[in-house]
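**Q** Single-letter residue listing:
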Amino acid sequence: DAGITQSPRHKVTETGTPVTLRCHQTENHRYMYWYRQDPGHGLRLIHYSYGVKDTDKGEVSDGYSVSRSKTEDFLLTLESATSSQTSVYFCAISEGASGYTFGSGTRLTVV
Amino acid sequence: AQSVTQLGSHVSVSEGALVLLRCNYSSSVPPYLFWYVQYPNQGLQLLLKYTTGATLVKGINGFEAEFKKSETSFHLTKPSAHMSDAAEYFCAVRISSGSARQLTFGSGTQLTVLP
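Protein sequence lines, in the order shown, are assigned to chains F and W. FYI, the numbering for the first sequence is 1 to 111, going by the working numbering. FYI, the numbering for the second sequence is 1001 to 1115, going by the working numbering.
For the record, the hints were derived by calculation from the structure and aren't laboratory data. Ideal Cβ placement from N, Cα and C applies to all residues, glycine included. Some hints here could point you the wrong way.
Said to hold, decoys possible - Which residues of chain F face chain W? A few of them, derived with a C-beta cut under 7 Å, are:
| id | residue |
| --- | --- |
| 1 | G3 |
| 2 | T5 |
| 3 | Y31 |
| 4 | L43 |
| 5 | Y64 |
| 6 | V88 |
| 7 | S94 |
| 8 | Y100 |
| 9 | G105 |
Sequences and hints are given; from them, build the entire structure.
**A** Printed below as a string of structure tokens:
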């Protein structure tokens, strides 16, 4: 398997609290992505990164921020969690035309 | 901007029958096209991809897909379904140029295989 890990795998948090999800890769890929998966919506892009300190918004970026201070780590932060952010979050890495390699996902529940 | 439409959120087939999952895309530039499979409580696994060249693409587990530019389609097929094929399948498109390399996904098709 490609070296991509997400942590935590599961998290329950309260409304209004900040939450940070971590994606770590050992492949030295330039591109990293955060998606959320919800029934009936497939996967929707939240934010992506094309290098250290280089990030941009996806289609559902409101309420989320990201940081990439090292090639191997891409952090997703929910600044103040809401129930609508209950979802499964996937990180992915990419290099070349080979498509993406996905992590195993983080299941986040906001109560 | 690119987009993907998967026709049929749920498809049921009998074991041994043909599997056909439909995907249509829109893209203003030549696309790269992908099919991913997701088993319960797992991440997405690449089944196959089209970038350039031969329009009939073979993937893992006996699946294949054909890129038809005139129909803007990239349907996924398998001649004979197996119980282990039950999963959710996602079609995705990426433009072949530019720096973002973003994949845009369809909403998914849940495949059920009946004994």
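**Q** All hints, please: hold or fail.
**A** Hint check results:
1. Evaluation of the G3/F hint against chain W yields a violated restraint, the C-beta minimum of about 13 Å exceeding 7 Å.
2. Because the smallest distance between the Cβ of T5/F and any Cβ of chain W comes to about 11 Å, over 7 Å, the interface hint for this residue is violated.
3. With its C-beta approaching chain W no nearer than about 6 Å, Y31/F sits inside the 7 Å limit, and its interface hint holds.
4. Because the closest C-beta pair between L43/F and chain W is about 4 Å apart, less than 7 Å, the hint holds.
5. Nearest Cβ of chain W to the Cβ of Y64/F: about 16 Å, over the 7 Å cut. The hint is violated.
6. The interface hint given for V88/F is violated, since its Cβ lies 9 Å from the closest Cβ of chain W, which is over the 7 Å cut-off.
7. Nearest Cβ of chain W to the Cβ of S94/F: about 6 Å, under the 7 Å cut. The hint holds.
8. Taking 7 Å as the C-beta contact cut-off toward chain W, the hint placing Y100/F at the interface holds, the least distance being around 6 Å.
9. The beta carbon of G105/F is positioned within 7 Å of a beta carbon in chain W (closest approach about 6 Å), and the interface hint is therefore held.
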